[in-house]
Amino acid sequence: MIFRNLLRQKSIIFSSTILPIVIIWATWWITVEVPMTFELYSGKLISASMLDVHIVTGAITAMGITSAIFGFLITVEFADISKRLKQVGYSYSEINSSIFVVLFLVLLFTSSISVSFSYLLTKSDDLQGMIIATLLISFIYVSIGNLVANIYPDVTAGSLILLIFAFMDLMMIVNPMGEAIYEQSWVKFFPGYWPTQIVLEYGFSDTPSGMISQIIYSLIYFLIIMALSFFVKKIGVTMEVKK
Amino acid sequence: MIDDKNLLLEIKDVKFHYKKNNDILTGVNLELYQNEIIGISGENGSGKSTLLKILVGLLKPKTGSISTKSKIGYSPQNILLFDNLTVAENFHVFGRGMGYDKKAIKDQMYDIFDKLNFAKYEKVLIKNLSGGTKQKVNFGISLIGDPDILILDEPYQGMDYASFIAFWDIQFEMRKLGKSIIIVSHIIEDQSKFSRSLHLIKGKLQCCKEEDCKCYEVKN
Chain A
76 MIFRNLLRQK SIIFSSTILP IVIIWATWWI TVEVPMTFEL YSGKLISASM
126 LDVHIVTGAI TAMGITSAIF GFLITVEFAD ISKRLKQVGY SYSEINSSIF
176 VVLFLVLLFT SSISVSFSYL LTKSDDLQGM IIATLLISFI YVSIGNLVAN
226 IYPDVTAGSL ILLIFAFMDL MMIVNPMGEA IYEQSWVKFF PGYWPTQIVL
276 EYGFSDTPSG MISQIIYSLI YFLIIMALSF FVKKIGVTME VKK
Chain B
663 MIDDKNLLLE IKDVKFHYKK NNDILTGVNL ELYQNEIIGI SGENGSGKST
713 LLKILVGLLK PKTGSISTKS KIGYSPQNIL LFDNLTVAEN FHVFGRGMGY
763 DKKAIKDQMY DIFDKLNFAK YEKVLIKNLS GGTKQKVNFG ISLIGDPDIL
813 ILDEPYQGMD YASFIAFWDI QFEMRKLGKS IIIVSHIIED QSKFSRSLHL
863 IKGKLQCCKE EDCKCYEVKN
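Protein sequences appear in the order of chains A and B. Heads up: the first sequence runs through residues 76 to 318, numbered per the numbering used here. Heads up: the second sequence runs through residues 663 to 882, numbered per the numbering used here.
Worth flagging that the hints you see were computed from the coordinates, not collected in a lab. The C-beta atom is built at its ideal place from N, Cα and C for all residues, glycine as well. Heads up, some of the hints might be wrong.
Claimed, not checked - Which residues of chain A face chain B? A few of them, derived with a C-beta cut under 8 angstroms, are: (1) M76; (2) L160; (3) S168; (4) K263.
Extracted from the complex, chain A is given alone in its bound form (with noise of 0.2 angstroms):
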């Protein structure tokens, strides 16, 4: 039933088909066909399309955005929702687990016209990094999108703070050339670093490595989020939102 509440909502067809390929489109509309080098974290020097590369981190970028709007708008329209349903005799743990199966469900989908799209725009010809890194991308943005809604339920301003967020983390500050002008150590610490190197590693090197650890921290920084985000609705600091 709540697939099905879901799927009647034209934003939620909005957001999971046109969002992904908007921004996927847009990147590769804007972007030149010129050479482009930049260093990985295992330290190969990858010199490539700037276009192919652009294109694989606007899928990323496409999926952390559509995964971190989904993640806060279903967290604050199920809020007072789920309560309800508490009180009819239904477990947080089974009100939880089905969110977390729709939202999957759908992120899938979204994840496979992301994957398809660019894969269509792309020259790279790697679709398991791919697959990986949007799936790992979803979860980790969809955690941000359930942190923050606990945080500040605001639909307005939730939703442009996640959309600010997720540009800056996978546009500018993971994305290879933004990585380059500001080679930092913190810049690993940001939720979109490793989902990206996985999709560069495996797109453009030639002996590509590393998966699991990258996988493994990527898990790591999903899991902290989701703790974290478990700790806040627990001592319920949720900021007032004026209505």
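Position chain B against the provided structure of chain A, taking the given hints into account.
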């Protein structure tokens, strides 16, 4: 523990705050017996909705206790329904939570539809209903499972007159069956329908008497 079989709900010295040093409820006491309709009023922000949330278990009191053996139906102040599901689907979701199967939910749903006269909206999405009809559905959900106690937080905002009358008919019918109702209401005309009219003042439930214009704290 409740020993008196006519006693459905007992609230003892319930205190609550959202922020420390800012108590909203400073010691609420109440005994709800069979066949009672208790009206609660109070200023905005006095803690009426908070008290009802505590009674249905959505919030935990900081101190004090609530004892009941009765089944509770709750209609919240805000309409809490799935906007993109139909009326019937909403009944189904909430009915399943209470442990009823499809057939039992359907039977109860049609019974509630008849009482509240919204059978024609069965297959309409909640988001396409008027405010008053949404409120009826919101209230209707609280009737699933034939509860012994109904806890209603301003349940008839936006209802038309016929629905308002139907709403009170249901309350009186329930009272005849030995059930009880706690209702937050600001409507003066409702006062005559209550067995007891209580006011939430300074975090305590008080009973105000007209004769001497004084309010007395409710003590069990």
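Status of each hint after checking the structure:
1. M76: With Cβ-Cβ at 5 angstroms, under 8 angstroms, it holds.
2. L160: holds (6 angstroms)
3. S168: violated (13 angstroms)
4. K263: Because about 38 angstroms separates A/K263 from the closest Cβ in chain B, which is outside the 8 angstroms limit, the hint is violated.
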